[in-house]
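**Q** Sequence:
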Amino acid sequence: MSTSTHHDTAMPVRKMDFGFSAGMPLDFFADDPVRSYLSHAYWMTMPYLEPYLMRTVRTAMQGINDPVLRAEMQAFCGQEGQHFQQHARVNRILKESNPAFSALDSIEAELEADYRRFSTDKDIGWNLAYAEAFEAMTMTLSCTQMEMRIHEDMSGPIRELFLWHITEEMEHRTVCFDACHAHGVSWWRRLQVGREARAHYLGYVGRFHAAFLRLDAERIRQKDTAEKRIERERFQAAFAKQHGLRGVFSYLPWYNPRRVTIPGLFESLRAHYSSTAVTVA
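Quick note: this note's numbering has the sequence shown finishing at residue 281, numbered continuously throughout.
Check each hint, because a few of them may be wrong.
Computed cross-link-like contacts, DSSO-like style, restricted to lysine-lysine with a CA-CA straight-line distance of at most 30 Å [claimed, not checked]:
id, residue 1, residue 2
1, Lys223, Lys241
2, Lys228, Lys95
3, Lys95, Lys15
4, Lys241, Lys228
5, Lys223, Lys95
Rather than coming from a laboratory, the hints here were simulated on the basis of the structure.
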């Protein structure tokens, strides 16, 4: 496995055109609706989570004088802004593909209300700890996904969306960690809030996934096979083994995202998406 820990820390804001359309494959992951819907479940949160992360980081900037960190925080917001807009486009196409998916509206509204309440009612330390918990979680997942090259089982423009997003997650992985440090958010508080944050976020992912499976049950039943079920089990076991202690590492007092080993594919993907972007800022 080729890996690298040394790379430049640039965080370009890439505006992409993935060519999304109503006819694109939505069962994009191994032609398996169950696996695809799990990815869609994560991405249904993006139009609400990522604006919350941006609000948190912009609020935190008001108390930071370090020009380098401020520039990185601004770039973080630029990248996250592009992420949620792209995911919102896919979510809209997905929901329009099945009238039953209008039932997701209530979960979306509840999630958005939660994040607005956090921004209003919680202090900046709590919100930064939530943001860092999410960024640490997605960074470790992204590294594992890239190492396993799971994109090779994906198809259509959503494959490119996936790769672009996890690449940029690795690019900005230090920002919320550094903002926590600048605001004096202790490891203990990051740990305590982080456990709450992960439970909150993954709880919504589970609700979205369960809703997809329930609302599209008949089509899934017709398309699912014993081979697909076996392959899902194999994939889950392989992912758990590869991910291993990486996720646990982010909970430890000495965790620092700068020490994370980044997959070797990362640099070529950065270059690819910079060269194919509509604009790069």
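**Q** Hint by hint, say whether it matches the structure.
**A** Hint by hint, here is what the structure shows:
With a C-alpha separation of about 28 Å, the suggested pairing of Lys223 with Lys241 holds against the 30 Å cut-off. Restraint check for Lys228 and Lys95: satisfied, since their Cα atoms lie roughly 24 Å apart, inside the 30 Å limit. Between Lys95 and Lys15 the alpha-carbon distance is near 24 Å, which keeps this suggested pair within the 30 Å criterion. Between Lys241 and Lys228 the alpha-carbon distance is near 20 Å, which keeps this suggested pair within the 30 Å criterion.
The hinted pair formed by Lys223 and Lys95 meets the criterion: a straight-line CA distance of about 19 Å does not exceed 30 Å.
Violated hints are absent here; each numbered hint is respected by the structure.
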